[in-house]
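*Asks:* Once you have looked at the hints, place chain B on chain A.
So the sequence lines, in the order shown, correspond to chains A and B. According to our numbering, the first sequence is numbered sequentially starting from 668. According to our numbering, the second sequence is numbered sequentially starting from 492.
In case anyone wonders, no lab produced these hints; they're calculated from the structure. Certain hints may be false.
[Stated by the list, open to error] Chain B residues, not near chain A, derived (Cβ > 12 Å throughout):
#, residue
1, 515
2, 521
3, 523
4, 528
5, 529
6, 530
7, 534
8, 573
9, 595
10, 614
[To be verified] Restraint ranges, calculated between C-beta atoms of paired labels, are given here:
#, chain 1, residue 1, chain 2, residue 2, range
11, A, 750, B, 558, 31 to 37 Å
12, B, 597, A, 681, 27 to 33 Å
13, A, 705, B, 561, 36 to 42 Å
14, A, 682, B, 604, 18 to 24 Å
15, B, 604, A, 743, 17 to 23 Å
16, A, 678, B, 558, 14 to 20 Å
[Said to hold, decoys possible] From the derived model, a few chain B residues whose C-beta atoms are all more than 12 Å from chain A:
#, residue
17, 516
18, 519
19, 520
20, 524
21, 569
22, 574
23, 580
24, 582
25, 588
26, 593
27, 619
Even for Gly, the Cβ is constructed at its ideal location relative to N, Cα and C.
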Amino acid sequence: MESAFAGIAAGAPGFPWATFGINVVGAFLLGWIVARFESGAEGGDWLRFFGGIGFCGAFTTFSTVSLEMLQMMRSREAGLALVYFVASFACGIAASALGALCGMKKRKFGV
Amino acid sequence: MMGILLIAFLGAVGALVRYHFGAFVHSSTNRMMASELPFPFGTLFVNALGSLLLGVAAALCSASVIPQMAYIAIGAGFCGSLTTFSTLAVDLQRSLKDRRFVAFALLLSASATTGLGGAWLGLAVGIFVR
Numbered sequence: 668m669e670s671a672f673a674g675i676a677a678g679a680p681g682f683p684w685a686t687f688g689i690n691v692v693g694a695f696l697l698g699w700i701v702a703r704f705e706s707g708a709e710g711g712d713w714l715r716f717f718g719g720i721g722f723c724g725a726f727t728t729f730s731t732v733s734l735e736m737l738q739m740m741r742s743r744e745a746g747l748a749l750v751y752f753v754a755s756f757a758c759g760i761a762a763s764a765l766g767a768l769c770g771m772k773k774r775k776f777g778v
Numbered sequence: 492m493m494g495i496l497l498i499a500f501l502g503a504v505g506a507l508v509r510y511h512f513g514a515f516v517h518s519s520t521n522r523m524m525a526s527e528l529p530f531p532f533g534t535l536f537v538n539a540l541g542s543l544l545l546g547v548a549a550a551l552c553s554a555s556v557i558p559q560m561a562y563i564a565i566g567a568g569f570c571g572s573l574t575t576f577s578t579l580a581v582d583l584q585r586s587l588k589d590r591r592f593v594a595f596a597l598l599l600s601a602s603a604t605t606g607l608g609g610a611w612l613g614l615a616v617g618i619f620v621r
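Next up, chain A with everything else stripped away, as it sits in the complex:
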C-alpha cells in the first residue's frame, strides 16, 4: 500500500484498484449504517458517529482519487481518468444503494 501510494507522486500508470475497492466498500458500509440507524435507533448515534463519520469517512478518500486522475491526465491517459471517475462514482452510488437496501431490510424485520 505504501509503495503504491508513493507511486502516485511520481505518476504511476494503471488503474488504481486499491483506492477504488476501498471507496466502494466504504460507500456500501455508510449506506448501510445510515439506513439501518436512521431514526434514533438504540445505539444508532454511537454507530453513526464512530462507524459513519469516523471509520467510513476516514477509510474512504477523495483526495487520492483527485490526484490519481490528475496524474493520469498528465501522462496523457485522459481516457483512463474518465473510466476511473465514472467507475468510482457509478460503483460507489450502487454500493451505497445496496447498503441502504440491506440496512432497511434489517430494520424492518428487527434483526
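*Replies:* Frame of chain A; chain B shown alone:
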C-alpha cells in the same frame, strides 16, 4: 512502526478537522445562501482542501524537498482522512433516490472540478515553491 503511528495520528486529526470544520462550513454556507434543502458544502470544501494539500505534498515529495515518509503521512494519513468518498456517494445516491437530479448533477460536477482543480493547483504551488 514510527510511520504507522504518524499516519494514525494525522488520520485522527484529519477526521476531526473534517467533522468540525466541515460542519462549520456546511451550516454557515447554507445559512448564508438561505437554502431550503441543505447542499453538502462542507464535504465539498474538505474534499477540495484535501486534494490541494495532497497535490502540494506530492510535488514536494517528487522533488525530494520532503521525505517520502512525510508525504505518505500527510497524503495517506491527513488528506486521506480529511477527504471522504463514502459521504459523497451516499449523498449522491440519496439525491437520485429523491429525484433531485439538479442537486445530483451539481454535486457530481462540483466535486470533480474542485477535486481536480485543487490537486492541479496544489501540484502547481508545490512545483513553484520548491
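*Asks:* The structure should be examined with respect to each hint, and the outcome stated for every one.
*Replies:* Structure-based check of all given hints:
Distance check on residue 515/B: its Cβ is at least 14 Å (rounded) from any Cβ of chain A, clearing the 12 Å threshold; non-interface status holds. No Cβ of chain A approaches the Cβ of residue 521/B within 12 Å, the least distance being about 18 Å, so the stated non-interface status holds. Residue-level check passed: residue 523/B sits 24 Å from the nearest beta carbon of chain A, beyond 12 Å. Here residue 528/B stays apart from chain A, with its beta-carbon at least about 17 Å from theirs, past the 12 Å limit.
Its beta-carbon lying about 15 Å from the closest one in chain A, residue 529/B satisfies the requirement of being farther than 12 Å from that chain. Look at residue 530/B: its CB is around 17 Å from the nearest CB on chain A, clear of 12 Å, so calling it non-interface holds up. Once the 12 Å rule is applied to beta carbons, residue 534/B is inconsistent with being away from chain A; the minimum gap is 8 Å. For residue 573/B, the non-interface assignment is contradicted: its Cβ lies about 7 Å from the closest Cβ of chain A, within the 12 Å cut-off.
For residue 595/B, the requirement that its beta carbon stay farther than 12 Å from each beta carbon of chain A is not met, with the minimum near 9 Å. Look at residue 614/B: its CB is around 7 Å from the nearest CB on chain A, not clear of 12 Å, so calling it non-interface is violated. Range check, residue 750/A to residue 558/B: about 33 Å between beta-carbon atoms, so the 31 to 37 Å window is met. The supplied range of 27 to 33 Å is met by residue 597/B and residue 681/A, whose beta-carbon atoms lie about 31 Å from each other.
Hint check: residue 705/A to residue 561/B, Cβ distance near 41 Å, so the stated range 36 to 42 Å holds. Against the hinted window of 18 to 24 Å, the Cβ-Cβ separation of residue 682/A and residue 604/B comes to about 22 Å, which satisfies the hint. Distance hint for residue 604/B and residue 743/A: a CB-CB separation of about 20 Å, consistent with the stated range 17 to 23 Å. In this structure the supplied range 14 to 20 Å holds for residue 678/A paired with residue 558/B, their Cβ-Cβ distance being about 19 Å.
With 12 Å as the threshold on Cβ separation, the claim that residue 516/B sits away from chain A holds: the shortest Cβ distance comes to roughly 15 Å. Every beta carbon of chain A lies more than 12 Å from that of residue 519/B, the smallest distance being close to 19 Å; the non-interface claim holds. Remark: the non-interface label on residue 520/B is consistent with the geometry, its nearest Cβ contact in chain A lying 18 Å away (cut-off 12 Å). Residue-level check passed: residue 524/B sits 23 Å from the nearest beta carbon of chain A, beyond 12 Å.
Interface exclusion of residue 569/B from chain A breaks down, the closest Cβ pair being 9 Å apart, not more than 12 Å. With a minimum CB-CB distance of about 4 Å to chain A, residue 574/B fails to clear the 12 Å threshold, and the non-interface call is violated. The Cβ of residue 580/B sits about 4 Å from the closest Cβ of chain A, inside the 12 Å cut-off, so the non-interface label is violated. Taking the minimum C-beta to C-beta distance to chain A, about 9 Å, the non-interface status of residue 582/B is violated against the 12 Å cut.
The beta carbon of residue 588/B sits about 7 Å from the closest Cβ of chain A, which is not more than 12 Å, so the claim that it is off the interface is violated. Once the 12 Å rule is applied to beta carbons, residue 593/B is consistent with being away from chain A; the minimum gap is 16 Å. Under the 12 Å C-beta cut-off, the non-interface status given to residue 619/B relative to chain A holds; the minimum distance is some 16 Å.
In this structure, the earlier hints numbered 7, 8, 9, 10, 21, 22, 23, 24, 25 are contradicted, and the remaining ones agree with it.
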